[in-house]
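Trainee: Construct the entire structure; sequences and hints are all you get.
Chains as they are written, first to last, in this note's numbering: chain A, 1037 to 1233; chain B, 517 to 667.
Don't read these hints as lab results, they were simulated from the structure. Please read all numbers here as calculations on a predicted model, not as lab measurements. Check before you lean on any hint, since a few could be wrong.
Here's a subset of chain B near chain A, in silico, CB distances under 10 Å, partners left out [said to hold, decoys possible]:
1) Asn530
2) Ser531
3) Ala532
4) Gln536
5) His538
6) Val544
7) Asp550
8) Val553
9) Leu554
10) Ala585
11) Glu617
Result set (EDC-like, lysine to aspartate or glutamate): computed pairs, CA atoms no more than 16 Å apart in a straight line [said to hold, decoys possible]:
12) Lys1212(A) x Asp550(B)
13) Lys1203(A) x Asp522(B)
14) Lys1203(A) x Asp550(B)
15) Lys1203(A) x Glu1182(A)
16) Lys1212(A) x Asp522(B)
17) Lys1066(A) x Glu525(B)
18) Lys1127(A) x Glu1182(A)
19) Lys1214(A) x Asp636(B)
20) Lys1214(A) x Asp550(B)
21) Lys1203(A) x Asp638(B)
Glycine included, each C-beta is placed from N, C-alpha and C at the ideal position.
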Amino acid sequence: MDALDDDARLMLLYRDGDGHAFAALYARHKDPLYRYLLRQVRNAGAAADLFQEVWSRLVATRGRYEPRAKFATYLFHIAHNCTIDFFRRNKHSTRSNTADVQSPEPEVPEYQRPDGMAEFVEQQSALLAALGELPQEQREAFLLHEETGLTIDDIARVTDVPVETAKSRLRYAIRKLKKSLLPAPLPDARPLRTRTI
Amino acid sequence: MDPHDDLDEYLRGNSALSRQYHREAATVTPHALDRRVLGAARGAQRRSPYLAPLAFAASVLLSVALVLAIAFGPQRIKRADSTPHVVRAAARVVVPAHVREPSVWLADIAALRRAGRSSDADAELLRFRSAYPNYRFTELGTATRVPVDSE
Chain A
1037 MDALDDDARL MLLYRDGDGH AFAALYARHK DPLYRYLLRQ VRNAGAAADL
1087 FQEVWSRLVA TRGRYEPRAK FATYLFHIAH NCTIDFFRRN KHSTRSNTAD
1137 VQSPEPEVPE YQRPDGMAEF VEQQSALLAA LGELPQEQRE AFLLHEETGL
1187 TIDDIARVTD VPVETAKSRL RYAIRKLKKS LLPAPLPDAR PLRTRTI
Chain B
517 MDPHDDLDEY LRGNSALSRQ YHREAATVTP HALDRRVLGA ARGAQRRSPY
567 LAPLAFAASV LLSVALVLAI AFGPQRIKRA DSTPHVVRAA ARVVVPAHVR
617 EPSVWLADIA ALRRAGRSSD ADAELLRFRS AYPNYRFTEL GTATRVPVDS
667 E
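Mentor: What follows is the structure in structure tokens.
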């Protein structure tokens, strides 16, 4: 890596014992990471557990940190591994709770939604529902790009797949999600019956 | 629409899809989680990662010191202590040859040999031989002997 990004510098400071550097890193990445985990596992409790696990792993392995790539790539690679472990652990229970999985995110509090914009809220829900219906790999590619701004190369690195695979996943994800943005077709207009007396 | 164009347009940024997603992306980390993670990080900070290798190195050094002490220190003392009293007395008191009986002297040499002090026994045997050059043994190194001449 030619020039260290700010986050990598902070991580090096933290590795060498600067606690304030960790607080700065945490503040920068906590929300994108939380949203990534929440939308991946679609369960607030599981997302909270995974969130703590990711940061714990980062803290535990800080002594071995070397800035070989962007810090976000490093952090989200840990998150990706934790998520994969979660899906493996919950393979059966996830299948049995399909009703929960298919429901739109209940974690977004009502007060965070704009008031008086019924159409907007409806459209948001459609996008989130479409996001939830994507295959997990496609959803992950989309979330990594949206939440962290990672490039396709970085997404491939985080998810341990070839670049072409990452590109293909993102392509399919946006194609399906774009469909959810289109207004629903109106029912066929029927001519009004006129009654002649 | 060609999906390749979709992707290129999307990657250029500021697509309708991204805008829509970020309008929705208001979910933030709960404060309780912030407290837990930052608290755990502070706790880990107190247990510095450099302490573990230091503790390991210290325990290795201590173990080596202990092994050396067991191998060389106390055993030497123990070995000296375990030497029969008669032998230690014989080693300390150098009795002139002309006042020591050959049988007593040979018994002391045999005791030295039994105690594992072969070099002392050999040295004593040399002194014995120089004192009693005509003394003959049935078997060299044993206390059994047959005197040829009477002194």
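Trainee: Each hint: holds or not?
Mentor: Do the hints match the structure? See the list:
Evaluation of the Asn530(B) hint against chain A yields a violated restraint, the C-beta minimum of about 12 Å exceeding 10 Å. Hint on Ser531(B) holds. Least Cβ distance to chain A is approximately 8 Å, under the 10 Å limit. Taking 10 Å as the C-beta cut-off, the interface hint given for Ala532(B) holds, the closest approach to chain A being about 6 Å. For Gln536(B), the shortest C-beta to C-beta distance to chain A is roughly 6 Å, which falls under 10 Å, so the interface hint holds.
Here the hint on His538(B) is kept, as its CB sits about 7 Å from the closest CB of chain A, short of 10 Å. A cut of 10 Å between beta carbons decides the hint on Val544(B): the least distance to chain A is about 5 Å, and the hint holds. The interface hint given for Asp550(B) holds, since its Cβ lies 7 Å from the closest Cβ of chain A, which is under the 10 Å cut-off. At its closest, the beta carbon of Val553(B) sits 5 Å from a beta carbon of chain A; the interface hint therefore holds under the 10 Å criterion.
For Leu554(B), the shortest C-beta to C-beta distance to chain A is roughly 7 Å, which falls under 10 Å, so the interface hint holds. Checking Ala585(B) against chain A: minimum C-beta separation of about 33 Å lies over 10 Å; hint violated. With its C-beta approaching chain A no nearer than about 76 Å, Glu617(B) sits outside the 10 Å limit, and its interface hint is violated. Using a Cα cut-off of 16 Å, the hinted pair Lys1212(A) and Asp550(B) is violated, with the two alpha carbons roughly 34 Å apart.
Between Lys1203(A) and Asp522(B) the CA atoms are separated by roughly 12 Å; this keeps the pair inside 16 Å, and the hint holds. For the suggested pair Lys1203(A) and Asp550(B), the alpha carbons sit about 34 Å apart, so the restraint of at most 16 Å is broken. Distance check on the hinted pair: Lys1203(A) and Glu1182(A) sit about 14 Å apart at the alpha-carbon level, within 16 Å; holds. Simply put, Lys1212(A) and Asp522(B) have alpha-carbon atoms about 11 Å apart, close enough for the 16 Å limit, and the pair holds.
Our distance criterion of 16 Å between C-alpha atoms is broken by Lys1066(A) and Glu525(B), whose separation comes to about 28 Å. For the given pair, Lys1127(A) sits about 26 Å from Glu1182(A) by alpha-carbon distance, which is inconsistent with the 16 Å threshold. Restraint check for Lys1214(A) and Asp636(B): not satisfied, since their Cα atoms lie roughly 100 Å apart, outside the 16 Å limit. Among the hinted pairs, Lys1214(A) with Asp550(B) is inconsistent with the structure: their alpha-carbon atoms are about 34 Å apart, more than 16 Å.
A distance of roughly 89 Å separates the Cα atoms of Lys1203(A) and Asp638(B); the hinted pair therefore is violated under the 16 Å criterion.
Taken one by one, the earlier hints fail for this structure at numbers 1, 10, 11, 12, 14, 17, 18, 19, 20 and 21, listed in ascending order.
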